Amino acid sequence: MTKHATDEPGALRSEIAANQSIIDDLNRSLARKTDEVRIIQQISFKITASLKLDEILASILKALDEVLGFQHSMILLLDAAGETLRVAASRGYLEAGLGAEVAVGVGVVGVVAKKKRMLRVGGLAAGLSYANRLREGMRKAGEEAGLGNVVEVPGLPGAQSQIAFPLLVADRLIGVFAVESTTPAAFDELDEVLLTILSHQAASAIENARLYQQEERRVEELHEARAELEALNASLEAKIAERTARLEEAHRSSQIALEIAERERMRSTALLERMAPPQVVPLMLEDKLLARKLNATIVFTDLEGFTRFSSDVEPDELFARLNDFFSRAGAQIAKYRGYVNKTNGDSIMALFGVPFESPTHAMDAVLAALDMQKTVRSNLGLRMRIGISSGSITAGILGPRDKSLYDVLGDSVNVASRMEKLCPPGSVTISAQTLAIVEPWFDIRPLGRQAVKGKGRLPCYEVLGPRTIVQDPRRLDPTSRLAPVAGALWDEVARFEAERLQSVDFTSVQARDGNLRHNECVASLALGLLRHLREEGPLREHAAAIDEDELVSLALLHDLGKHAMDPALLNDPDLGLVELERLRSELLARTESAFERLGFRALVSALRQLYELERTRGACPEEGLLVHIVGACDIYDALVAPKHYMGRGWTIAGSLDELLRLDVPASIKPVYRALAELVRPSRATLHDDRSEDVLFR
Amino acid sequence: MARLPTEIRAALEGVIPASIGTCSLDGTPNATYVSQVFYVDPEHVALSFQFFNKTVRNIEENPRACVIVTDPISAQAWTLEIEFERAEETGPVFDQMEMQLEAIASMQGMQDVFKLRAAHVYRVTEVRPGMGAPG
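Protein sequence lines, in the order shown, are assigned to chains A and B. Going by our numbering, 83 is the number at position 83 of the first sequence; the sequence numbering is gapless. Numbers given in our numbering equal positions in the second sequence, counted from 1, plus 1000.
Hints in this document: simulated from the structure, not taken from any laboratory. Here the structure is a predicted model, which is why all the values come from computation and not from measurement. Please note that a few of the clues may not be correct.
[Claimed, not checked] Just the calculated beta-carbon pair ranges, DEER-fashion:
{"hint": "1", "chain 1": "A", "residue 1": "THR183", "chain 2": "B", "residue 2": "MET1131", "range": "31 to 39 Å"}
{"hint": "2", "chain 1": "A", "residue 1": "PHE45", "chain 2": "B", "residue 2": "PRO1042", "range": "18 to 26 Å"}
{"hint": "3", "chain 1": "B", "residue 1": "PRO1042", "chain 2": "A", "residue 2": "SER129", "range": "12 to 20 Å"}
{"hint": "4", "chain 1": "B", "residue 1": "PHE1051", "chain 2": "A", "residue 2": "VAL37", "range": "17 to 25 Å"}
{"hint": "5", "chain 1": "B", "residue 1": "ALA1075", "chain 2": "A", "residue 2": "GLN42", "range": "34 to 42 Å"}
{"hint": "6", "chain 1": "B", "residue 1": "THR1028", "chain 2": "A", "residue 2": "GLN41", "range": "58 to 66 Å"}
{"hint": "7", "chain 1": "A", "residue 1": "PRO157", "chain 2": "B", "residue 2": "ALA1031", "range": "32 to 40 Å"}
{"hint": "8", "chain 1": "B", "residue 1": "THR1028", "chain 2": "A", "residue 2": "GLY82", "range": "38 to 46 Å"}
{"hint": "9", "chain 1": "A", "residue 1": "GLN41", "chain 2": "B", "residue 2": "ALA1031", "range": "29 to 37 Å"}
{"hint": "10", "chain 1": "A", "residue 1": "SER129", "chain 2": "B", "residue 2": "ALA1075", "range": "31 to 39 Å"}
[Stated by the list, open to error] Where chain A lies over chain B, by a calculated footprint (3+ residues, C-beta under 8 Å):
{"hint": "11", "segment": "1011-1021"}
{"hint": "12", "segment": "1049-1063"}
{"hint": "13", "segment": "1109-1122"}
Cβ atoms here follow ideal geometry from the backbone N, Cα and C, with glycine treated the same way.
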């Protein structure tokens, strides 16, 4: 389309020619476009074939050279601070120029980086000479003030043309790609378009490679860290294993040491327990056992005719029998809280009231002695002499250091030993000192004064056994209405005990609180009282309904719970009201459970009423006749028994007076009155003419 | 109005300085060199405005000018009749001119001296090969 279109043939021809030239131009342009697409494909393929930055950079420049014929090119990358570009790859330069720097904003490359836009300069040399001339002119005119320094930039010497592209990733500059030529105006707009596309691809490839490199570095670092960690772990595990092994070894050693120590301790304890009462062994182990004075009872035993007996049996049997005897005797002594201090041949020395004082030591010793006699008689067919004495002794560890024993010293020891020598075979001989303590409870026969070596003549006594009710005028007045039948009642009760309650060791239970034969007394009195009530008075019918076995059982078993209670507590005379109350409920609970075990569940309710009666001093349900009979007798015997009640000894008169003052319901009153009638001394009379009830004279 | 032929592009790369003739309102002519006549599009070229000089003043009075540019390879000269159309202080033409100026000035330590004030865009009213008055 020319501006001179006319109708003339010549003009038409030239117009056709001009149009042909345009068509040729377009064809050429089209051919070149096709080439461009091919070139871009070629270069793209090359620069994306690798993920290694150096390879990519080199392949970009090589492709420009080989495919487009651009011989001088370089790629500069921006440093982390974003101020300087460094040549990372170059092609077609005499010196590689790698690492050469150019500041952002300086030269073609610097300005491209600064503006993040492509720049093409066709007359670089001319521009530079023009600027240089201007600079010279200013210098000559003395206008140098505004001038900076001439800057050397990396590039081709004598370059006429330069085209540079920013390498951008999402508008972030990562570097500049520049191509140079010594030919002026070497690059045209088409080059511009082509290289722009390529620079985008190059930027992506470079960024990918960098990311990949970064990732590789990270992976490598991770690998290194992991290797380091594994090495650490391995050494740590080794260390832990070593430490664990050492600790385990130490633990094993200490365990072994502990076991040895424990074995040693047990052996020492066992050894010491042969030398001393178990209670003092802990003190001995700590070396804190001090000698002390105690009121105690000493028992010596000796088997009569043992020498002859031993010559008749084989040694094995002899030892077996003797050991059997010792273990039985030891058990009986222990049952009464005694301690086998030593044995010598067939004889035993036992201590009661050591290592801690006990209010019942003398009674316990006599009871153990009577038990032992019974055992020896029935098991060995031999008779034994037993001597007992009581008094002040000193107890402690005695003997040479390597052979010391817990032992006692004192005159009583000698006296006890003498009593044993004087004792008629098969019996129990006590000294006057022991007699003084146990006399109220036992049936004792004087043996007269016997010659004792080094002591002159000493009175000796034979213990026949615990007293029955008829043998103790302080418990039952011989002139009372009950006295003539009391023996028979006692025997009935004893039979009942032997037949129905043989599993209960009444003696040992009673010994725990030093109230010997209390239960048998209550039972005998109760049985007598019941029978009396059946014969006369307003309660005859009521009384007839009461089962005698139940009555006797309740009377015998009413405080059986003592078998499991601390003797020291049972014998403590200084308990306050609260403690007594607690003691009473504990006793009830334990007795109840004993009732259950023995099959007397049916009597538990009566038992509870009995405790309630005593707790409330008489206030008890009217219909509990059984309970009141047992209760009245229990209270009476508790008062008159040799064991002090409420801190003092009671006479029969005082006890009945106390009994009749109880706040019982009027309908039950005859029970108490009847008991008083039955047990009162015949010369005494009951007066009930006083307002405060009965006075007993 | 005239179109710039493709072959003229090399002459517009600023390799060989161009000559420009202007005329004041009273008819006084002025001729001088300019470092580069920039190609804008087939119908426009641009001149850099850095300093107030006679050319700029004349153009303000009389927008018509004549430039002679030379192809650096073939030494073919072209004469362009041009007429001032507008001054651009932003845009792609201004940017390219400014960048080129800055690239060269920065290498000579003259970035503070060489400041592109504006790109003066001229409409090409006639283009003809060679130097001389219209035939």
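Violated hints, by number in ascending order, as checked against the structure: 1, 2, 3, 4, 8, 9, 10 and 12
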